[in-house]
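With these hints in hand, go ahead and build the complete structure from the sequences.
Residue numbers (numbering that gives the first Met the number 0), protein chains in the order written: chain B, 0 to 235; chain X, 0 to 151.
These are calculated hints, taken from the structure and not from any lab test.
Treat the hints with care, as some may be off.
As the list claims (entries may be wrong) - Derived, one-sided and incomplete: chain B residues facing chain X with beta-carbon distance under 10 Å: (1) 5; (2) 42; (3) 122; (4) 127; (5) 143; (6) 146; (7) 147; (8) 168; (9) 184; (10) 200; (11) 230; (12) 231; (13) 232.
Think of the CB as a built atom: it goes at the ideal place given N, C-alpha and C, for glycine as much as any other residue.
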Amino acid sequence: MGMPISIHVRSPDVDSPMVARVVEDAFDLVRQADRLFSPYKEDSEVSRIRRAELDPAKADPLVQQVVTLCRQAGELTQGAFTELLPDEQGALGFDPTGLVKGWAADRAASRLADLPGASFCLNAGGDVVVGGATVEPTAGSEAVWRVGIEDPRDRSRIAEVVELHHGGVATSGAAARGAHLYDPLTQTFVNRPGSVTVVGPSLMWADVWATALFVGPASLPHRFSQVAGGYRMVSL
Amino acid sequence: MRRIVLVILSTITTVVLLFSYHTSTSTTFATSPLTQLPASPGASPRSPSPNKSGSSTSRSSPATYTGGSADTRWGPVQVQITVQGGKITTSQAVQYPQNNGRDAEINGFALPILNQEVVQQQSASIDTVSGATVTSDGYLQSLQSAIDQAHL
Chain B
0 MGMPISIHVR SPDVDSPMVA RVVEDAFDLV RQADRLFSPY KEDSEVSRIR
50 RAELDPAKAD PLVQQVVTLC RQAGELTQGA FTELLPDEQG ALGFDPTGLV
100 KGWAADRAAS RLADLPGASF CLNAGGDVVV GGATVEPTAG SEAVWRVGIE
150 DPRDRSRIAE VVELHHGGVA TSGAAARGAH LYDPLTQTFV NRPGSVTVVG
200 PSLMWADVWA TALFVGPASL PHRFSQVAGG YRMVSL
Chain X
0 MRRIVLVILS TITTVVLLFS YHTSTSTTFA TSPLTQLPAS PGASPRSPSP
50 NKSGSSTSRS SPATYTGGSA DTRWGPVQVQ ITVQGGKITT SQAVQYPQNN
100 GRDAEINGFA LPILNQEVVQ QQSASIDTVS GATVTSDGYL QSLQSAIDQA
150 HL
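Below you can see the structure in the form of structure tokens.
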């Protein structure tokens, strides 16, 4: 499934070649991640690992980094996050997509943060990372982004608005794509109403937690409040 | 506020990408082909002569702009917007794939959501939306083209 990614830049010289180059670099980082990690590209490293043609220990350093992060995510969420997802036959295969999307967006965001005097907002299929302002902005400043959180029961409505100048906002739910979120603890796809949004410094961790909290057990929010310092959740 | 809207819209950059998601085994609109558009990061198509049917200089009279037709794997998608007072007041797909019953069913479901999302984002004075959203690439391409024509 293709996913639209958009980058908005607010800057006094938004038409400058430098802005254009940095935005292009940011998109290149996402394209690079897609080449390495897409399970739908036959020659991606993830596809080769899935076919047991590539030993993860010999994969690209970025792939090894993601494998390590997936392991940490599984531990932090007490198993509610997994990179082992069932295929159509039910066999578990390596698929770190749930973490890579946020990871790639964070990498692109760190490139955008190089733009002096600019602030940016990157939206990757409904998950958002903003940043760029170096000083603490005042309310109403162009460094502050207003991120609407979609109402999962009526997707044409905005249920809440989060204002932030740095960090990520990730939402997980079954509203747009049905039961696509897998719960490794019960080994089922979850199709319940509602959504979980997590806001925090890194989009990758916000997204990992949003998914884990959506599919995970009732005890998980307590764990989240203990181990995910700087992150908060909005349940709708 | 108007200045901010101008800044946002004049700097929007959209690229179509590519991450793949496993969808559920259950059949829902979630697997709609409309959202499975191919990666085509080329420039948005533009019509040389905007189908402008009003004046954009007056804040009170609405003007209509039609975006270029964006080709997708399932057929062309074309979006029309109405602008009043520097804001998009309506957005609708005037051309979309409806080659078979399945296309028509999917688009009948998806397009009203996309249309509303465009208007909603403006009227709520928010900058972006976080949600379980997968917005159609073709829709975005043609929408961008319409926004460019409107000089928003």
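Here is what the structure says about each hint:
Because the closest C-beta pair between residue 5 of chain B and chain X is about 4 Å apart, less than 10 Å, the hint holds. Hint status for residue 42 of chain B relative to chain X: violated, with the closest Cβ pair at about 14 Å, above 10 Å. For residue 122 of chain B, the suggested interface contact is upheld, since its CB lies about 5 Å from the closest CB of chain X, less than 10 Å. With a least beta-carbon distance of about 5 Å to chain X, the hint placing residue 127 of chain B at the interface is held under the 10 Å criterion.
A least Cβ separation of about 9 Å between residue 143 of chain B and chain X falls short of the 10 Å threshold, and the interface hint therefore holds. Interface restraint check: residue 146 of chain B against chain X, minimum CB-CB distance 5 Å, threshold 10 Å, status holds. Interface restraint check: residue 147 of chain B against chain X, minimum CB-CB distance 4 Å, threshold 10 Å, status holds. Because the beta carbon of residue 168 of chain B sits about 4 Å from the nearest beta carbon in chain X, less than 10 Å, this interface hint is met.
Taking 10 Å as the C-beta cut-off, the interface hint given for residue 184 of chain B is violated, the closest approach to chain X being about 17 Å. A least Cβ separation of about 16 Å between residue 200 of chain B and chain X goes past the 10 Å threshold, and the interface hint is therefore violated. Given hint, residue 230 of chain B at the interface with chain X, is violated; its Cβ is 14 Å from that chain's nearest Cβ, farther than 10 Å. Residue-level restraint check for residue 231 of chain B is violated (minimum Cβ-Cβ distance to chain X is 14 Å; threshold 10 Å).
Annotation: interface hint on residue 232 of chain B violated; nearest CB of chain X at approximately 13 Å, more than 10 Å.
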